[in-house]
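Participant: Here the protein sequences come in this chain order: A and B. Going letter by letter, the first sequence gives residues 1 to 339 in the working numbering. Going letter by letter, the second sequence gives residues 1001 to 1267 in the working numbering.
Sample of chain A residues facing chain B (criterion: CB under 7 Å; computed from the structure):
id, residue
1, A233
2, D236
3, V237
4, R239
5, T240
6, L241
7, G242
8, A243
9, F247
10, P255
11, W332
No wet-lab data here; the hints were simulated from the structure. None of these values were measured; they are calculated from a predicted model. Even for Gly, the Cβ is constructed at its ideal location relative to N, Cα and C.
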Amino acid sequence: MSPFEQTGSAADFDRPRLQADGSVLARGALATAAWTAVAASVTLLANKKIGFAEPLYVGETNAGFIGWAVLLALATAVGALWPPLGRRLVRAAPWLVVLALFVGIWDLLTAKLGLLPVPFFAPPSALVEVYAEDWPRLGESVLHSLRLLALGFLFGAAAGFVTGVAIGWSRGLGYWVHPVLRFLGPIPSTALLPMAFFFFPSSFSAAIFLIALATWFPVTVLTWSGVASVDKAYYDVARTLGAGRSFLIFKVAIPAALPHVFVGLFMGLGASFSVLVAAEMMGVKSGLGYYLQWAQGWAAYANMYGALIVMALIFSGLITLLFALRDRLLGWQKDVVKW
Amino acid sequence: MVAAQTLVQAGAGAPPPGADVSIAGVSHAFDLDGRPLPVLDDIDLAIAAGEFVALLGPSGCGKSTLLRLVAGLEQPSQGKIAAAGAEITTPDPSRVVVFQDPTLYPWRTVWRNVALGLEARGLLASRKGRVDDALKTVGLAGFERAFPRQLSGGMAQRAALARALVNDPSVLILDEPLGKLDSLTRIAMQTEIVELWRQRGFTALLVTHDVEEAFFLAQRVIVLSERPARIKAEIVNDLPYPRHRGDPRLAELRGQALAHLGLDASW
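Between the sequences and the hints, there should be enough to build the whole structure, so can you do that?
Facilitator: Below is the structure:
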């Protein structure tokens, strides 16, 4: 091993195998106990009768809780012998206990005691009902949202990258583009929604334009400042080694600016989420934002929570994906932005 | 190319690949908020092909500016600089600079940093072996896939030296290349630079403010004044190589140089 390979971390440390790990057993048992208590309370206590319709999927929800408790017990047993799973379980155990408390209290306050105002707070079984009954519509909404987001974000990011490199490199272009950037960039894209719906042939293309605009601004600004802040010595080095103009742009300026570009993409992605949802709520008749609006209109609050959870998972997943891409491309860089 | 280099390394009487450099009446000024700030004042200097010349002067006197002019990174306000008879107007890979900071590209591995010059000129595919040779020469074999942040200061500067050598420069411009290294690494690398110069025969132009370094390395030491820099004295050091740091003649020459710089009170 060469001296500079000091990348090993504590997580890579292997414990001796096939020896039950006490800390995994203790913490796993705690998590299992918490969820067993939830399963017991959900199954054994009687539901309070609310409204006229019999709640659906109660038995299935209860079975799900029991299954989850059994799964945790199994994971504890396996994790005690198999360190990779054990480490994850030990790390997750405090969260598992807190989540069990949350779900237990939630079920008590809604299904069992009926203490929370009824249409606004749904019991866990109602959420199961949403996913079981309405998944085709929810899935279709997800696909529509993703298509809109992908088109808008990719256009905006590409345009922002090109604009940023261009004005970072050429002062003449910067003279013309910079004022436009400063004037148009800070307008929240959502403020342009009504106008865009008016000017564009379809609400779909209007939404793509606005999502692209929202992404374009931070990507442009950060790419531009990335290119402008490249150490001048990097250019000197390349020039004395015989580099031409395109080498200076593509092999020096752009790679050196990539960490900034990435921060711009991160900010642009966040902005694109909010424009996406606002556009779907205001004019585009599909997607998760439309689903939320629809659910609220029908007082189907369980559907709204269900869609919000899906939205959180997808947006969070997309940011994780972006960071994974960063780690591949910018492995040389020490982590600057954490996710 | 490889064959020629082997010949030089074997010392088989091949002509030195160094180029002569002539600096004639060069003055240079920076524009500082509209006022000219003179940094070089009428410098005349002729450097023979294959010679090792050191420029010695107080910090901020403009010696690094002179190197940037020789490298072709800037044009002198007045006067002419030529290498091998041709006037210098642009940077050229035959005149490579090793800067005080290694300025390796942090996103490239050591190997790809060293390959930079060949890649920029589109020669990389045909001369991959030269990169490995250069890394071996500076003692970095085995570090090809390391990233610059994983290197110590001395290793990074060795990589920068390899990045220069890969291009077979006829003039190697050294801008205080050892200025930021610890003294033990500096001593080791001084010896290595002399060895490289003797093997390869390039013309070496070194800027330093280390008096001992100047005389240990160079055949001729040019003492510059405070800014704007003028040539104050020229001290020839004809000691044969390999030199010994404890040589009384080196101490004597150092005393002379310090006297020119007005720093001989403590000598």
